[in-house]
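Model the full assembly from the supplied sequences, consistent with the hints where possible.
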Amino acid sequence: MKTAVQVEGVTKTFKTLTALSNVSLSVHEGELFGIIGADGAGKTTLFRILCTLMLADEGEAEVLGLDTLKEYRSIRSRIGYMPGRFSLYTDLSVEENLKFFATVFNTTVEENYELIADIYIQLEPFKKRMAGQLSGGMKQKLALCCALIHRPDLLLLDEPTTGVDAVSRREFWQMLGRLKEQGITILVSTPYMDEASLCDRVAFLQDGTILAVDTPVGINRLFTAPLFAVRANDKHKLLTRLRSYPYAGSVYAFGSSVHYTLSRATASIEELERYLLESGLQGVTIEKIEPGIEDTFMALMKTDNERLHG
Amino acid sequence: MGEPVIHTEQLTRTFGEFRAVDAISFSVDSGEVFGFLGANGAGKTTAMKMLTGLLLPTSGKASVAGFDVFSETESIKKNIGYMSQRFSLYDDLTARENIRFFGGVYGLSSSTIKEKSEALLASLDLLAVADSRLSDLPLGWKQKLAFSVALLHEPKIVFLDEPTGGVDPLTRRRFWDMIYEAADRGITVFVTTHYMDEAEYCDRVSIMVNGRIAALETPAAMKESFGVTTMDELFIRLVRPGSGETT
Numbered sequence: 001m002k003t004a005v006q007v008e009g010v011t012k013t014f015k016t017l018t019a020l021s022n023v024s025l026s027v028h029e030g031e032l033f034g035i036i037g038a039d040g041a042g043k044t045t046l047f048r049i050l051c052t053l054m055l056a057d058e059g060e061a062e063v064l065g066l067d068t069l070k071e072y073r074s075i076r077s078r079i080g081y082m083p084g085r086f087s088l089y090t091d092l093s094v095e096e097n098l099k100f101f102a103t104v105f106n107t108t109v110e111e112n113y114e115l116i117a118d119i120y121i122q123l124e125p126f127k128k129r130m131a132g133q134l135s136g137g138m139k140q141k142l143a144l145c146c147a148l149i150h151r152p153d154l155l156l157l158d159e160p161t162t163g164v165d166a167v168s169r170r171e172f173w174q175m176l177g178r179l180k181e182q183g184i185t186i187l188v189s190t191p192y193m194d195e196a197s198l199c200d201r202v203a204f205l206q207d208g209t210i211l212a213v214d215t216p217v218g219i220n221r222l223f224t225a226p227l228f229a230v231r232a233n234d235k236h237k238l239l240t241r242l243r244s245y246p247y248a249g250s251v252y253a254f255g256s257s258v259h260y261t262l263s264r265a266t267a268s269i270e271e272l273e274r275y276l277l278e279s280g281l282q283g284v285t286i287e288k289i290e291p292g293i294e295d296t297f298m299a300l301m302k303t304d305n306e307r308l309h310g
Numbered sequence: 001m002g003e004p005v006i007h008t009e010q011l012t013r014t015f016g017e018f019r020a021v022d023a024i025s026f027s028v029d030s031g032e033v034f035g036f037l038g039a040n041g042a043g044k045t046t047a048m049k050m051l052t053g054l055l056l057p058t059s060g061k062a063s064v065a066g067f068d069v070f071s072e073t074e075s076i077k078k079n080i081g082y083m084s085q086r087f088s089l090y091d092d093l094t095a096r097e098n099i100r101f102f103g104g105v106y107g108l109s110s111s112t113i114k115e116k117s118e119a120l121l122a123s124l125d126l127l128a129v130a131d132s133r134l135s136d137l138p139l140g141w142k143q144k145l146a147f148s149v150a151l152l153h154e155p156k157i158v159f160l161d162e163p164t165g166g167v168d169p170l171t172r173r174r175f176w177d178m179i180y181e182a183a184d185r186g187i188t189v190f191v192t193t194h195y196m197d198e199a200e201y202c203d204r205v206s207i208m209v210n211g212r213i214a215a216l217e218t219p220a221a222m223k224e225s226f227g228v229t230t231m232d233e234l235f236i237r238l239v240r241p242g243s244g245e246t247t
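Line order of the protein sequences matches chains A and B. Take 1 as the starting number for the first sequence in this note's numbering and just add one per residue. Take 1 as the starting number for the second sequence in this note's numbering and just add one per residue.
Bear in mind the hints are in silico, worked out from the structure with no lab data behind them. One should not assume that every hint holds.
[As the list claims (entries may be wrong)] Each pair of labels, with its calculated beta carbon distance range:
| id | chain 1 | residue 1 | chain 2 | residue 2 | range |
| --- | --- | --- | --- | --- | --- |
| 1 | A | Lys237 | B | Ala221 | 14 to 22 Å |
| 2 | A | Thr103 | B | Asp131 | 51 to 59 Å |
| 3 | A | Val217 | B | Phe18 | 22 to 30 Å |
| 4 | B | Leu124 | A | Glu124 | 47 to 55 Å |
| 5 | A | Gly163 | B | Leu54 | 50 to 58 Å |
[Unchecked claim] Restricting the straight-line Cα-Cα distance to at most 25 Å, the calculated cross-link-like pairs of lysine-lysine (DSS-like) are:
| id | chain 1 | residue 1 | chain 2 | residue 2 |
| --- | --- | --- | --- | --- |
| 6 | A | Lys237 | B | Lys223 |
| 7 | A | Lys99 | A | Lys128 |
| 8 | A | Lys127 | A | Lys99 |
| 9 | B | Lys114 | B | Lys156 |
| 10 | B | Lys77 | B | Lys156 |
| 11 | A | Lys288 | B | Lys61 |
| 12 | B | Lys223 | B | Lys114 |
| 13 | B | Lys114 | B | Lys142 |
| 14 | B | Lys156 | B | Lys49 |
| 15 | B | Lys78 | B | Lys61 |
| 16 | B | Lys142 | B | Lys116 |
| 17 | B | Lys77 | B | Lys142 |
| 18 | B | Lys142 | A | Lys15 |
| 19 | A | Lys237 | B | Lys116 |
| 20 | A | Lys139 | B | Lys49 |
A virtual CB, placed ideally from N, CA and C, is assigned to each residue, including glycine.
Right, dumping it as structure tokens:
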């Protein structure tokens, strides 16, 4: 398998803040790879280094087999970058923006239109509108079209779905799936854990350090404790009672249930159920479940990073 | 639950031909955690602006914390708390300075501010870093502080606009603990979010579609009446009717 992105021991500091600390990862050609992490995890710094907009203090990075330091010009013509902040020209219209980006990359909208056709068709009714006047979802689609118009080999998308509603997020990921089928390698960052499961592989990033890199299924194997979904009529009371239970491991609200691990293997579920009922809770159910990405991420966040890294 | 802290009847706001908020009617009781959901562009922000006294409605009626949204907007602003992900505190001020600044904005006396500052910093376990610039604090602490500052003047209701956007899953959950604690003290919490799991933590949820309230219920009752098992599915049904897909 060929490598599209190779990062080796990259460190980047800003004054006292270490944005990236000895980060290494490789993205295969044709892969849809997710960088999962919260605000301040270092996602944007990593993207800016890969886009050749910023230099690492230490370490090396290669993009499409080219060195980010020496061959930045060649890299720039072969990647499409969508920054986290909307960066198109707000006082140009939709079609002017697209034409502009095509021209900058020495191509035409017509030449690669089929690549963006199913996205652009949704923008077509507004093609005369100024980009600044578009709704959030439309801006995002236009930015994606502009990043794609020169048919890049690698697409770098920095938090394309932050602040986007659940339905539009889903549609955006369907678009990414179709682009992947066209052979484009995609590196995408997101704070949304549910999007991690839509990637071929993901890297968890926290405080500039990679906690784990694996397929979503492989990531979940790192979660080893038996996990239970506990439900009761009063969720807040359930949370507080579970937390004060002597054998409580982790206790996290998860939608309509609470995800719960026991701190010792011998503690029994029957005992826990009795404890909850005696606390006056009603409708108590306890069910053993498989961990999801978010369970694993939280478990990794809490445990010693070194142990799981490398 | 006492008398409603928010009450609207046919509340409407138009921009030219466009009906951003189209005759919405609902009530929120005191101590309730009320989730205000909707797709981008559904009218949530416009509705929030009217309820917080920042934008005059075109027609309809509404009161917030006992004050009228047409004639008493200044009283509304003084009697509500507000926090968003985008704007909450000043990063280049210290924790203590932020508290003093917002205390002043809310019209608290110097002695009250002093008293509250110490109590607040102690209860948040921030005394040791009270005089470092906020930009040096981890996001989770900043959020805790921002939420407490929004409650500094003891409002009856606090508006939280996507308070957990971009936040890590642990910090997100700690934030909801604070929401529950506030609700237990009788403070009404009006919160928007794009995280569907967070919709489940609300006492009741409303979902806006094209300027109207398409559904308003407890999460459990809402899922039951639509015959779905998750809020995610429900949201998709309402926002993209006829799309038929739930995967």
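Inset, instruction - Enumerate the violated hints, using their earlier numbering and listing them in ascending order. - result: 3, 5, 11, 12, 19
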